[in-house]
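K.L.:
One line per chain: the protein sequences are A and B, in this order.
All letters in the first sequence, in the order written, are residues 765 to 998 by this note's numbering.
All letters in the second sequence, in the order written, are residues 765 to 998 by this note's numbering.
Which copy is meant is left open, so a pair is good if it fits within one copy or across any two.
Keeping only pairs whose Cα atoms sit at most 20 Å apart, straight-line, the calculated EDC-like set for lysine to aspartate or glutamate is:
(1) Lys866 with Glu788
(2) Lys900 with Asp938
(3) Lys819 with Asp831
(4) Lys768 with Glu856
(5) Lys768 with Asp831
(6) Lys768 with Glu854
Just so you know, the hints here were simulated from the structure itself, not pulled from any lab data.
Since the structure is predicted, the reported quantities are computational estimates derived from the model, not experimental observations.
Protein chains: 2
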Amino acid sequence: MTVKALTFDTYGTVVDWRGSVLSELEAFGASRRLGLDWSAFLADWRSCYRPGMEKVNSGEWPWTTVDAIYRRRLDELLQAHQIRGLDTAEVEHLSRVWWRLKPWPDSVPGLARLRTKYVISPLSNASFAGMVHLAKFAGLPWDCVITAENAKCYKPRAEAYRVAIGLLGLTPGDVMMVAAHNYDLRAAQANGMRTAFVPRPTEHGPGQATDLEPDGDWDVVAESLEDLARRLDT
Amino acid sequence: MTVKALTFDTYGTVVDWRGSVLSELEAFGASRRLGLDWSAFLADWRSCYRPGMEKVNSGEWPWTTVDAIYRRRLDELLQAHQIRGLDTAEVEHLSRVWWRLKPWPDSVPGLARLRTKYVISPLSNASFAGMVHLAKFAGLPWDCVITAENAKCYKPRAEAYRVAIGLLGLTPGDVMMVAAHNYDLRAAQANGMRTAFVPRPTEHGPGQATDLEPDGDWDVVAESLEDLARRLDT
Numbered sequence: 765m766t767v768k769a770l771t772f773d774t775y776g777t778v779v780d781w782r783g784s785v786l787s788e789l790e791a792f793g794a795s796r797r798l799g800l801d802w803s804a805f806l807a808d809w810r811s812c813y814r815p816g817m818e819k820v821n822s823g824e825w826p827w828t829t830v831d832a833i834y835r836r837r838l839d840e841l842l843q844a845h846q847i848r849g850l851d852t853a854e855v856e857h858l859s860r861v862w863w864r865l866k867p868w869p870d871s872v873p874g875l876a877r878l879r880t881k882y883v884i885s886p887l888s889n890a891s892f893a894g895m896v897h898l899a900k901f902a903g904l905p906w907d908c909v910i911t912a913e914n915a916k917c918y919k920p921r922a923e924a925y926r927v928a929i930g931l932l933g934l935t936p937g938d939v940m941m942v943a944a945h946n947y948d949l950r951a952a953q954a955n956g957m958r959t960a961f962v963p964r965p966t967e968h969g970p971g972q973a974t975d976l977e978p979d980g981d982w983d984v985v986a987e988s989l990e991d992l993a994r995r996l997d998t
Numbered sequence: 765m766t767v768k769a770l771t772f773d774t775y776g777t778v779v780d781w782r783g784s785v786l787s788e789l790e791a792f793g794a795s796r797r798l799g800l801d802w803s804a805f806l807a808d809w810r811s812c813y814r815p816g817m818e819k820v821n822s823g824e825w826p827w828t829t830v831d832a833i834y835r836r837r838l839d840e841l842l843q844a845h846q847i848r849g850l851d852t853a854e855v856e857h858l859s860r861v862w863w864r865l866k867p868w869p870d871s872v873p874g875l876a877r878l879r880t881k882y883v884i885s886p887l888s889n890a891s892f893a894g895m896v897h898l899a900k901f902a903g904l905p906w907d908c909v910i911t912a913e914n915a916k917c918y919k920p921r922a923e924a925y926r927v928a929i930g931l932l933g934l935t936p937g938d939v940m941m942v943a944a945h946n947y948d949l950r951a952a953q954a955n956g957m958r959t960a961f962v963p964r965p966t967e968h969g970p971g972q973a974t975d976l977e978p979d980g981d982w983d984v985v986a987e988s989l990e991d992l993a994r995r996l997d998t
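The whole structure should be built from the sequences, with the hints applied where relevant.
P.N.:
Printed below as a string of structure tokens:
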């Protein structure tokens with residue numbers, strides 16, 4: 765292998781989106797004495813994510829950031845649950861909880877080690893600005909930020925991977941995609957990239973049934989980003 | 765002013781390209797006992813920069829990175845000066861001296877302070893990969909990397925500024941362009957951005973005659989990036 769750069773899925777792979785969002789929603793509910801099942805609220809909110817991206821990838825929608833997709837759905841949910849009295853800035857702040865996600869404990873030390881030898885970048889379906897703010901919030905030591913917004917389409921569309929490889933000035937075989945999701949690695953591999961699987965068995969909370977094991981011929985399977993750093997000789 | 769992000773010209777404004785390249789060329793010459801006027805060689809090499817970018821902006825050339833523009837000219841110059849015996853990797857290394865430029869003494873401390881309050885990004889005519897490597901080499905603490913390559917055209921074309929503002933998810937008035945070059949600020953201002961001038965009177969070596977003074981109505985004029993940090997309350 766002649767890997768020169770690593771690109772990382774971020775939601776789930778690097779940061780614990782569910783734990784982070786749920787904890788903010790619960791604090792929001794407590795401060796307003798709202799007796800909701802926030803875990804169900806979050807599942808409902810999150811359920812707009814994949815269909816929204818598919819509408820962009822199919823051409824049904826013009827380019828739309830996940831921030832806008834989440835914001836639209838949040839407006840609907842606030843109305844459905846009759847949560848009233850929030851001004852625009854408060855709704856915007858709540859919606860941007862997706863920019864305030866905590867890294868898994870191994871993420872920052874693992875990335876810091878990997879960065880000493882490789883160029884490291886997210887390759888996420890986040891908005892560009894969202895990833896910039898998330899990196900600042902979580903202290904993710906990226907060398908640069910690349911997201912689906914640079915390609916104006918979402919993973920697993922080939923263009924998302926190809927734009928990243930092009931911006932890095934490399935050939936596909938020089939770039940390793942790191943993800944906790946087999947579908948992402950399958951698409952990366954189909955585009956000639958190297959692949960590393962890092963399972964995150966609690967990403968989706970208790971009873972997670974998907975992506976517990978690698979289900980492809982990935983170049984590396986690691987237990988964490990620190991373990992990945994070790995396996996890649998950093 | 766409601767500035768949320770700062771975008772920086774990089775060659776000249778943040779790093780001392782001339783001093784850095786000249787010192788590597790002189791070391792290269794000494795190691796090979798080549799008695800050339802390296803200052804003249806560099807001036808000749810650098811002279812391809814602006815015309816190359818203009819050919820891209822006019823549509824005469826397809827998108828071409830400055831790395832490729834410099835590499836093409838270096839091949840010509842090596843031939844013209846009958847410098848022989850370098851293999852491809854050695855020519856490539858020499859050409860990538862533009863990725864190994866030293867920051868001005870105030871650049872890293874100034875950027876580190878500005879970063880505590882603002883999103884900071886280059887907005888350079890460098891290639892994306894070139895800026896990533898330059899940032900790693902020089903320790904520039906960017907929150908993200910944005911270059912002309914994201915727009916596939918060069919400053920001062922409006923599209924280069926607009927793509928940056930769009931990726932940052934901001935309105936033009938929320939973004940301040942920082943540069944040692946009046947032409948760059950003029951274009952940024954024409955696109956609605958805020959502007960900060962930081963003179964670099966030795967960028968072009970002894971006897972520099974251009975950009976010694978601000979020649980527009982810029983929002984801030986600072987002596988250095990540390991002075992800019994002070995003026996922007998960081």
